[in-house]
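Protein chains in written order, with this note's numbering: chain W, 3 to 127; chain Z, 3 to 127; chain D, 3 to 127; chain G, 3 to 127.
Hints are computed from structural coordinates only; laboratory data are not their basis.
A quick note: this is a predicted structure, and the numbers were derived from the prediction, not measured.
One thing to keep in mind: the hints can contain errors.
Heads up, the list lumps identical chains together, so a pair's fine if it works in one copy or across two of them.
Computed list of lysine to aspartate or glutamate pairs in EDC-like fashion (alpha-carbon distance at most 20 Å, straight line) [as the list claims (entries may be wrong)]:
(1) LYS123 - GLU107
(2) LYS104 - GLU26
(3) LYS104 - GLU69
(4) LYS123 - GLU70
(5) LYS104 - ASP60
(6) LYS123 - ASP96
Number of protein chains: 4
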Amino acid sequence: MNGTHKRGPATVVELTEQLRQFAEDRDWQRFHTPKNLAMALAGEVGELLAEMQWLTPDEAACLMADEELGGRVKAEIGDVMIYLTRLADVLGIDLLAAADDKLAEVALRYPADRVRGSAAKMPRS
Amino acid sequence: MNGTHKRGPATVVELTEQLRQFAEDRDWQRFHTPKNLAMALAGEVGELLAEMQWLTPDEAACLMADEELGGRVKAEIGDVMIYLTRLADVLGIDLLAAADDKLAEVALRYPADRVRGSAAKMPRS
Amino acid sequence: MNGTHKRGPATVVELTEQLRQFAEDRDWQRFHTPKNLAMALAGEVGELLAEMQWLTPDEAACLMADEELGGRVKAEIGDVMIYLTRLADVLGIDLLAAADDKLAEVALRYPADRVRGSAAKMPRS
Amino acid sequence: MNGTHKRGPATVVELTEQLRQFAEDRDWQRFHTPKNLAMALAGEVGELLAEMQWLTPDEAACLMADEELGGRVKAEIGDVMIYLTRLADVLGIDLLAAADDKLAEVALRYPADRVRGSAAKMPRS
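In isolation and in its complexed conformation, chain W is listed as follows (with noise of 0.2 Å):
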């Protein structure tokens, strides 16, 4: 794989191998340690925040009507998914099965029918 990138991981796991052959192939798997990919990791969030720091609430939901703004917003999102999923896989967590357990924790911790509508209410960690 010499800069070319055969399109398409359909799934979680087709991502995860493309990465892991993208980092081998440029032999930066020395580099990709758990702390080093988790502030890469909080950089891309910072790049995502940064395009919608200004915006309004009315701006920022309908912030992917606006071509531009909204292409590097989705480039971001990419960015975030990419190393989260490059950590997940480095530290040997099943991204899917990891959300899947803590929204199963979740949904028993906030019961629908006793905090439905309240913000005071939703998790704040």
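Given the coordinates of chain W, work out where chains Z, D and G should sit on it, guided by the hints.
Relative to the frame of chain W, chains Z, D and G by itself:
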């Protein structure tokens, strides 16, 4: 869905749908604006970093061998994935397509034979 | 200094010295590497965001009127300042000079009469 | 103040006043809401992390010896300080007092003679 959670998103699409349902059941959609979700995403990434911040590189490399620490890190990774998936859904962005597009672009910008083994030539944004 | 803390840094220089002493008293200097402190800084900023994430703009504007929430936000701001000051010290950077240099640069790049009132012309990085 | 910037905040109070004037001159106060400034702060911290993410611990320890890299890191530290100072001002929080209060609290919670030299006993949030 009253506090129960049928297990098992096997795909990003299924996780997306479960999270949408979760928000609807609690009437939380109005709080799930792009800016709020981006802040929540950054908050969870911050917690993930906090779990690793004082570890030496060696400790971080095998952090999953520590059951308690590993469990906390997995839970934080799950939280990050949850907010990232929810944010992409609210914006109408296909998470895997966004990552794939970005990977294709990065592969072109960083051809393996020109950047191999060099941290100086890794993406820094 | 065994768990006691003489009150009152009136200046950044004094805060810097107190934090240096604090780390020395606990033999924590070796953990206070630039990367670790940067991660700790990001972790605290994440907690700060988490305190505000579900607030409406109106609620956020007067959050200090809520004693409990205001107290938590002030504490997080304090944490962020602590790690920022400590990181600058470890790197040998003068925090106020760094801010001043940057402000001078931004003032040149964003002349008041050309950018007045325009969010589109605000810094986005 | 039309693009000019009289040099030299020697104190946090002076920096605070210069930033307030800077925003007023550009009619940017309305964008400087607590949530927007918190997002901008997180964005700048993300850029700071991005500068360090691929460095080895040894490289990071002497990063200021590299003029170009050191200059970029100093500029990012300046940006972080600018948004932190501005956010504290908008919220009516005394930045140094907030740090001092927090340090006093942490000193009580982490007495030197009980936590000396132990990363496991360092604050993790």
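Results of checking the hints against the structure:
1. LYS123 - GLU107: Within one copy only: 15 Å inside a chain, 28 Å across chains, cut-off 20 Å.
2. LYS104 - GLU26: between (31 Å within a copy, 18 Å between copies)
3. LYS104 - GLU69: Answer is between; shortest inter-copy Cα gap is 16 Å, intra-copy 34 Å.
4. LYS123 - GLU70: between (36 Å within a copy, 15 Å between copies)
5. LYS104 - ASP60: neither (31 Å within a copy, 27 Å between copies)
6. LYS123 - ASP96: neither (29 Å within a copy, 29 Å between copies)
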